[in-house]
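**Q** Below, each chain spelled out in residue letters.
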Amino acid sequence: MSPLTAIATIVVLGVIAAGILATVVEFMVPDIHNRPNLWRSLEPPSLEHPMGTDSLGRDILIRIIFGTKPVLLVIVISVIVAATLGTIIGLTSGYFGGRLDLILSRVIDALMSFPAILIALAIVAALGPGLWKVAIAIGIAEASVFARLSRGLMIVEKEQLYVQAGKAIGASSTRIIFRHILPNIAGPIIVQATFTAASAILWEAALSFLGLGAQPPTPSWGLMLYEAKEYMRVAPHATVFPGLAIFVTVLSFNIVGEALRDTLDPRFRKVMR
Amino acid sequence: MILSYVAYRVLLYIPTLLVIFFIVFSLVKLLPGDPIVVMYGELAPPPEVRKALEEKLGLDKPFIIQFLLYTYRILTGDWGKSVHTGEPILELVIRRFTATLELTVASLAIASATGITLAYIAVMRPNSIVDRFIGILSMAGYSMPVFWWGMILIFIFAVNLKLLPPGGRGGLESLILPSLTLATVNFGMIARVSRAAMLEVYSQDFVMAARSRGLSERRVVVLYVMRNAAVAIATLVGLRFGILMGGAVITETVFNYPGVGRMIVDGILARDYPVVFGGVVFVALVVMTVNLVVDLLYAILDPRARVTRV
Chain A
2 MSPLTAIATI
12 VVLGVIAAGI
22 LATVVEFMVP
32 DIHNRPNLWR
42 SLEPPSLEHP
52 MGTDSLGRDI
62 LIRIIFGTKP
72 VLLVIVISVI
82 VAATLGTIIG
92 LTSGYFGGRL
102 DLILSRVIDA
112 LMSFPAILIA
122 LAIVAALGPG
132 LWKVAIAIGI
142 AEASVFARLS
152 RGLMIVEKEQ
162 LYVQAGKAIG
172 ASSTRIIFRH
182 ILPNIAGPII
192 VQATFTAASA
202 ILWEAALSFL
212 GLGAQPPTPS
222 WGLMLYEAKE
232 YMRVAPHATV
242 FPGLAIFVTV
252 LSFNIVGEAL
262 RDTLDPRFRK
272 VMR
Chain S
35 MILSYVAYRV
45 LLYIPTLLVI
55 FFIVFSLVKL
65 LPGDPIVVMY
75 GELAPPPEVR
85 KALEEKLGLD
95 KPFIIQFLLY
105 TYRILTGDWG
115 KSVHTGEPIL
125 ELVIRRFTAT
135 LELTVASLAI
145 ASATGITLAY
155 IAVMRPNSIV
165 DRFIGILSMA
175 GYSMPVFWWG
185 MILIFIFAVN
195 LKLLPPGGRG
205 GLESLILPSL
215 TLATVNFGMI
225 ARVSRAAMLE
235 VYSQDFVMAA
245 RSRGLSERRV
255 VVLYVMRNAA
265 VAIATLVGLR
275 FGILMGGAVI
285 TETVFNYPGV
295 GRMIVDGILA
305 RDYPVVFGGV
315 VFVALVVMTV
325 NLVVDLLYAI
335 LDPRARVTRV
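Quick mapping for you: the protein sequence lines, in order, are chains A and S.
Position 57 of the first sequence, counted from 1, bears residue number 58 in the working numbering, the numbering being contiguous throughout.
Position 79 of the second sequence, counted from 1, bears residue number 113 in the working numbering, the numbering being contiguous throughout.
Bear in mind the hints are in silico, worked out from the structure with no lab data behind them.
Keep in mind the model is a prediction, meaning the values are calculated, not measured.
Glycine residues also receive a C-beta, built at the ideal position from the N, C-alpha and C atoms.
Each computed DSS-like pair below joins lysine-lysine, with the alpha-carbon atoms no more than 25 Å apart: (1) S:63 with S:95; (2) S:95 with S:85; (3) A:134 with S:63; (4) S:63 with S:85; (5) S:196 with A:230; (6) A:230 with A:134.
Now the stretches of chain S that chain A is said to cover, found in silico as 3 or more residues with beta-carbon under 8 Å: (7) 41-50; (8) 59-71; (9) 283-297; (10) 320-331.
Here are some, though not all, of the chain A residues that point toward chain S, as calculated from beta-carbon distances under 8 Å: (11) 108; (12) 119; (13) 122; (14) 237; (15) 251.
Please model the entire structure based on the sequences and the hints provided.
**A** Right, here's the structure in full:
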């Protein structure tokens with residue numbers, strides 16, 4: 002493992018652990034990240050506030066740490082929605098082929114024609130803003146990626162001897178798909194889940210930055226940027242740190258995904274080395 | 035052979051189109067509240083106006099008929115009017131899209147030039163420290179939150195150095211910052227796909243033959259590798275047009291750039307739903323058409339790709 006991968010792994014695990022801890026602490030002390038102090042608004046970094054304070058005088062470091070909770074929520078929900086929905090469509094389409102495949106492939110094509118952010122925006126327009134809705138919207142928007150991936154894997158895999166054997170002993174299609182084939186193609190799907198987590202963080206931040214995602218006083222990193230936007234001239238620190246948090250987290254998820262791909266996805270082991 | 039492939043691809047385009055309309059139409063139906071109010075912004079239209087609108091939208095008809103009516107209206111160019119300004123949506127969308135197209139083309143040019151140059155440098159010494167560094171740089175590019183990067187560029191070049199305008203549209207200088215921002219999040223992917231495409235050509239016999247004839251490494255890469263990878267690279271870049279459009283939506287908002295993305299976001303905030311869904315349908319149509327054209331061009335330029343890739 003390269004040093005960079007090691008650092009990225011620590012960041013990813015750290016964000017997840019912080020997200021879980023933040024959920025617990027916030028449950029006990031609900032206002033811990035939301036203690037306005039207008040006398041001390043927009044202070045630059047100091048010993049007392051290592052990342053300074055925001056326009057309401059809240060400590061930015063504390064808000065960034067508790068911002069891991071919305072991050073975790075968005076990752077978990079959107080990856081579960083995208084992977085479940087996409088994989089089921091892709092596997093069914095690839096396994097049964099024929100007319101069903103032709104129809105489902107059109108659906109996948111259509112979904113892939115929308116830039117993910119656009120589907121998410123359209124869903125949020127219809128359902129209204131909110132962190133949960135954004136997470137689900139991102140999940141739906143990213144489902145097509147899993148569908149296309151698992152369909153491709155399935156088309157190769159279903160020709161394997163063990164699948165024929167399963168059919169020969171009369172195993173049901175559901176059993177063959179989910180008990181026999183899915184474990185064999187899980188590697189690339191897990192890798193894709195890591196990349197999807199990275200883009201989910203980016204899209205949540207973007208939607209919250211537009212005012213359509215998390216609502217105040219949630220310490221979402223994107224929302225923090227939205228709130229800091231107007232004070233950028235006088236307090237650039239309020240913009241710099243939440244943005245860095247997003248950038249470093251997303252980059253770490255991508256680096257970990259890459260490392261996972263080199264070990265879990267046999268197709269890439271062959272091509273890259 | 036080639037003609038049948040083209041016909042096949044174009045025929046597939048039609049059902050995909052219907053699915054797109056269906057998705058958007060379903061979302062419109064999900065909107066809460068009185069559809070007449072939602073779509074026309076008239077709180078209490080006179081009964082006869084209401085009757086006419088209901089008839090036009092087919093509100094008393096079953097879902098599937100309403101969907102067909104919606105498809106018919108889209109195909110005949112009747113996209114409705116903006117609730118706020120009363121401007122016909124289709125005209126509005128096309129005008130806004132011209133601005134978006136300027137932005138995306140400019141940033142695609144910057145991103146391709148940077149990405150392909152980096153890929154060239156990386157391929158010269160695969161797996162070297164330079165190659166690794168370029169790999170990480172590329173990843174940093176597409177891990178960047180595009181709105182944050184835009185804000186930082188505005189802060190440095192518009193607010194502090196006062197070199198460039200902070201936003202809006204007018205003249206070339208107003209295009210520089212937004213297209214640089216959008217290029218930053220896109221050059222990385224282009225660098226990676228180009229590197230992969232070039233490496234694939236690299237392992238082929240004719241490259242080794244060229245090298246064994248004593249051609250310099252640079253000549254081998256430029257004359258043999260890049261030339262043979264060019265079509266694949268152009269295709270991969272073309273197919274990323276959708277992702278570019280997604281980034282454009284956010285970039286336009288940061289730079290107050292009057293494109294179709296900004297229009298959609300403003301529409302959501304102002305609850306101008308005809309504008310929102312008109313914009314969404316239009317962008318999806320454009321992305322789908324670009325994908326189709328890229329696929330067809332690829333098939334024409336590279337016969338190996340003509341195997342029916344469903």
